[in-house]
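Q: One line per chain: the protein sequences are S and P, in this order.
Mapping to the numbering used here: the first sequence position 14 is 14, numbers consecutive.
Each number in the numbering used here corresponds to the 1-based position in the second sequence with 1000 added.
It is worth saying that the hints were derived from the structure and are not from the lab.
Honestly, I wouldn't trust all of these hints.
Claimed, not checked - Mimicking DSSO-like on lysine-lysine, the simulated pairs with C-alpha atoms at most 30 Å apart in a straight line are:
{"#": "1", "chain 1": "P", "residue 1": "1033", "chain 2": "S", "residue 2": "88"}
{"#": "2", "chain 1": "P", "residue 1": "1033", "chain 2": "P", "residue 2": "1054"}
{"#": "3", "chain 1": "S", "residue 1": "88", "chain 2": "P", "residue 2": "1054"}
Unchecked claim - Some chain S residues flagged as far from chain P (calculated, every beta-carbon gap over 12 Å):
{"#": "4", "residue": "23"}
{"#": "5", "residue": "24"}
{"#": "6", "residue": "33"}
{"#": "7", "residue": "42"}
{"#": "8", "residue": "50"}
{"#": "9", "residue": "51"}
{"#": "10", "residue": "57"}
{"#": "11", "residue": "96"}
{"#": "12", "residue": "102"}
{"#": "13", "residue": "104"}
{"#": "14", "residue": "119"}
{"#": "15", "residue": "126"}
A virtual CB, placed ideally from N, CA and C, is assigned to each residue, including glycine.
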Amino acid sequence: MPQMVTAPLSSDCPLLDQARVVFLLGPVSISVASHDAAGVPSLARAFGCRVAEDRREVAVLVPTRTAEALLRDLAAGAPIAVVFSRPKTHETLQLKAPAARLLPLGPTDRQRMRGSGSALAAELIALGYSAAFSHALVAPSREDAVAVAFSPILLFDQTPGPRAGRRLEPQP
Amino acid sequence: MTVPLSALRACFEGAVPATIATCAADGTPNVAKLSHVHFVDDRHVALSYQFFNKTRENLLDRRRATVEVIDPSSAALYHLHLEYLRTETEGPLFEYMKARLAAIASHTGMSKVFRLLGADLFRVLRVEAMPGDALLQPSPPADLLAGLRACVVALARCTDLAQLLEVTLTGLAQHWDVHHAMLLMLDPDQRRLYTVASRGYPESGVGSEVRVGEGIVGVAAGARTPIRIGYVVQEYRYSQATRRHFADSADGGALETEIPFPGLADAGSQLAVPLLNGDRLLGVLYVESPVEERFTYQDEDAFVVLASHLALSIDGLSRAADLAFELHPVCFPASVGPHVPATLPEARSTAASGVETSGGPIQIRHFPHDHSLFVDNEYLIKGVAGAICWKLLREHAESGRADFTNRELRLDTSLRLPEVTDNLDARLILLQRRLAERCPLLAIEKTGRGRFRLIVSRPLQLVEVSA
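So here's chain P without its partners, still in its complex pose (with noise of 0.2 Å):
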């Protein structure tokens, strides 16, 4: 009997050993265990090079193999029979074995033991369900596309970056019991993502950054590939990734530490997908369980579809964002708040917008080498956030202002915005969440489309640290 390789992709989730058979050269056949083979499609398989034994001899040399592979619930038997097509040692599919092999050695104890050399990739020429007797499947728990359909549906009612966002992490724990997730975005210096967004930890961890390349994240987003892993895996842990620093910071590349970022520490389950439009990677989207082996193929499917909707959304916002900045330039004029004394000289001065102040001046501090701010000696956030964040403060202190445009922002040299558009409003949203977490007495209240209010509750004694 003849099955399709996408019916039995349980058997590829590494829970139970597989074995091959092999010939040489002289037709001394040979057979041995193997940790797991991966599904790449319909046609495909590919299995890990991890040392140069007898079977990858003889691979190289028939370029034939027989694999049985077993479901991991009924017990079903199924040969593969492949033929071998080439090794990949860097990549996509590369980046993906060598994520799962290392949470199959984490789970077996063998991490010192497994190391992958390369991705053997092989066509699969017939898939043979063996006689036996195997056990019905049981049906899955969480019906994945009416969920998939209605976290859609709602994306395409969201207006901003923020609704998106929100509404992509609601669905997630409303439709698939999902409950620890975080979105990053992608630094437009491509070598780090930033968190915009969590859910389900005690410390939101907006604004913590993690390296490309680095952790499950930042493996997904250089590889640009979804990567899962059902067990507990000290190697693509969080902690170690953000505890590194970019080798150099001369460019002010170093990586956000200050603060922590959010995650399980120990997940049993965890799966990131990046969030592609074509080939341009937006970010990556995030999520885990305590619970090992939480996530299936048929999740990251859904994933990957909700991941690849998110990314459109947040395209598709950003052009209507910036066409209408260009065809109505000046629609959005930047409005002063007339009610609010304007009260601030240079270096050390004190604003205050009326009303609302209680309480003595808070001291804000800018470093002007990486625009980061401190309120009260407490570190608040840096960089385009930080800078915007300062140019808001200064402008209210000069001239009472309250209400800005994005448009002034984008104008504003000094801000050194990258031309990427949408990093404008994440940026935005990360500053306000920062605010809300940790200086209440400033806030950032959305307005009206491409325009904001800042609040301010305290007196302000703005000082700029000279290097």
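One chain only, chain S, in its complex shape (with noise of 0.2 Å):
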């Protein structure tokens, strides 16, 4: 398996802006790629994210139940993907950075999960899901996690459209 490739930042920014970290903490769905040596790709969701004060590092917070083969992948090194999209808009971002790091949930890690659920399933409601289904979508967020943290050095609109794909560049 060859070894990704960086990009280098073009300038001392953060890739991410306080925009795009305020959508990312929004009612949104995450879900988070990764392959294992054979180049299969895994995949998994998650619930909730934080950004660090620096917006350098991101954790996004995954329940272990639904994301064996994911998480295994990000612990044996390979890099990551993931998408942040708001259903009521579309509006999405894609995330990549060649590593992640498993780490035990924080303090306040579950209530933000939680948090999460809620929101996206208010925004599915809202949208004409019912509300069964809404719920039984985001139950996991209540369920044992881990944060999946990471640097991101790519960041991509992936709202549909014409722009869809656009790698975005940091915003000073």
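Make the complex out of the two chains shown on their own, each in a separate frame, by following the hints.
A: If you want it as structure tokens, here you go:
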């Protein structure tokens, strides 16, 4: 498996500006991907995230029960990609990093996960999905989880449309 | 846990976006949202190729993907482990996906964004049910199999095409709670379909036409694939398909536009199923509902089986008629109504069938170039059905005949009937229904197998309009 190509930062500014941080913390659906040694992709959902003060590190909270393959791949040092998508607007961002660290949940993380699950469920209900469906979808936000921390070096706008796939640069 | 793909078809309705993970040549993973995953069969799915993006680049390069799909009612999550096989840019799979993509795009207000460039076909290597707290599935509302059985039994009892059409439309309402439906037959020119029966509309629309390849009915016919759409979608509405004319009408191929197409103005759900006997297309069964997402995969299964039985029955009855025609070519002699006075010279003439006449004569004009008929300036019908009607009226006027046989119509070279014989029955049904709707003073009544009677209840003035 060749190593992931890293993209040097074009400035000292973090990739995430404050508006993007607000988006990541909003009512979004979060999916995390990696791959095994053979290049077979692994995939799992996350509920909630936190962003370091300097905006250079992001941690997504991944329920362990539904993420066996993903966590195994990340623990083995494989790179990570995470997509954040808001159902109401289809606004979508993807972050990539050459590696991730698996950490136990912090003191406020359980609360953060539940809050994120509730916010996503409320957004889905407002869009017309049934309450039963919406709550069942976010049920893992109340389960055991790990924090998957990474320092994004690539950021992409994946909102459907002509600019989908565009790489975003740091905003001073 | 591994589950069969067909057990989770609800996940492929496009109600909840899917997620796809891929891996680039350099090992960089990629994760993206997908508008929908298309169920092909128990071992294959297809993804819509709309843009050349990172996902696609990775798929072409490494051929592997992991896709998360979600059951829209239970919220159960499944991971599909996929291997890319090929991209199709035409044919049934492509047409079906194009129609569904348009529906989803329209539903999500992104019609301008989505355009199908290809259908990427994948082998499903493994289906993994993810652990979670999925809700229990509610039981299906209608027993489709029991309804199908009842419809098939009723079809088997039919002795002519008219009964087949009636039994099908009645069965849809009675057993499946489907109250807006129509049956269209393929014109022998293979380029258009004409409505021969409908149910649930203020105007029957019998005789209206759609072009093969246009609208959901025309696309289903052209690609010979069922198409099911669960949202209001502009691109596949009939109003637009029927307004267009054939590019070249020199061969008399202009689309019938005098008769408005029936159909709901804003159908929430549409399902068009081709009537196929083997590879041969006979027509299309179309059902619709004002309710969005009314028809499921299970409904589609049931309607495909029903359409198949209907096609076989139509062909079976047609073959039986041919056989009777071959074995007993003289058993249906053209009978003459002896009591009916014959009063008719050539171009301008008046015919009266005697007893029931009331009111003044009705003028019927015939335009030979397309065999269109007008009753007191109101359009009635054209084409083969128009030619048949004109022949019957002339014979009636000239000799007073009222009883006719299918056989003499088949033998009449001036009608230029195509070799496909079931077309004649369909044309007679079309004519019979148009008369009942637009010109009640004329009627066609079946009097036996291969026989019918022309009933004229007012004096007629037949006018041949020269070009």
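Q: Does each hint hold? Answer for all of them.
A: Each hint tested on the structure:
1. Of the pairs offered as hints, the one joining residue 1033 of chain P and residue 88 of chain S holds, with about 14 Å between alpha carbons and a cut-off of 30 Å not exceeded.
2. For the given pair, residue 1033 of chain P sits about 12 Å from residue 1054 of chain P by alpha-carbon distance, which is consistent with the 30 Å threshold.
3. Proximity of residue 88 of chain S to residue 1054 of chain P is assessed by CA-CA distance (about 24 Å); at most 30 Å being required, the pair is judged to hold.
4. In this structure residue 23 of chain S is separated from chain P by more than 12 Å, as the shortest Cβ-Cβ distance comes to about 15 Å.
5. Against the 12 Å criterion, residue 24 of chain S stays outside the reach of chain P, whose nearest CB is about 15 Å from its own CB.
6. Residue placement check: residue 33 of chain S does not keep its beta carbon more than 12 Å from all beta carbons of chain P (closest about 4 Å).
7. Listed as a non-interface residue, residue 42 of chain S fails to keep its Cβ farther than 12 Å from every Cβ of chain P; the least gap is roughly 6 Å.
8. Distance check on residue 50 of chain S: its Cβ is at least 20 Å (rounded) from any Cβ of chain P, clearing the 12 Å threshold; non-interface status holds.
9. Against the 12 Å criterion, residue 51 of chain S stays outside the reach of chain P, whose nearest CB is about 19 Å from its own CB.
10. Every C-beta of chain P lies more than 12 Å from that of residue 57 of chain S, the closest at about 18 Å, which supports listing it as non-interface.
11. Not every Cβ of chain P is farther than 12 Å from the Cβ of residue 96 of chain S; the closest lies at roughly 6 Å, contradicting the non-interface assignment.
12. For residue 102 of chain S, the non-interface assignment is confirmed: its Cβ lies about 16 Å from the closest Cβ of chain P, beyond the 12 Å cut-off.
13. Non-interface call for residue 104 of chain S relative to chain P: holds, since the shortest CB-CB distance, roughly 21 Å, exceeds 12 Å.
14. Residue 119 of chain S, annotated as away from the interface, keeps every beta carbon of chain P farther than 12 Å; the closest lies near 17 Å.
15. Every beta carbon of chain P lies more than 12 Å from that of residue 126 of chain S, the smallest distance being close to 15 Å; the non-interface claim holds.
Checked against the numbered hints above, the structure violates hints 6, 7, 11; every other hint is satisfied.
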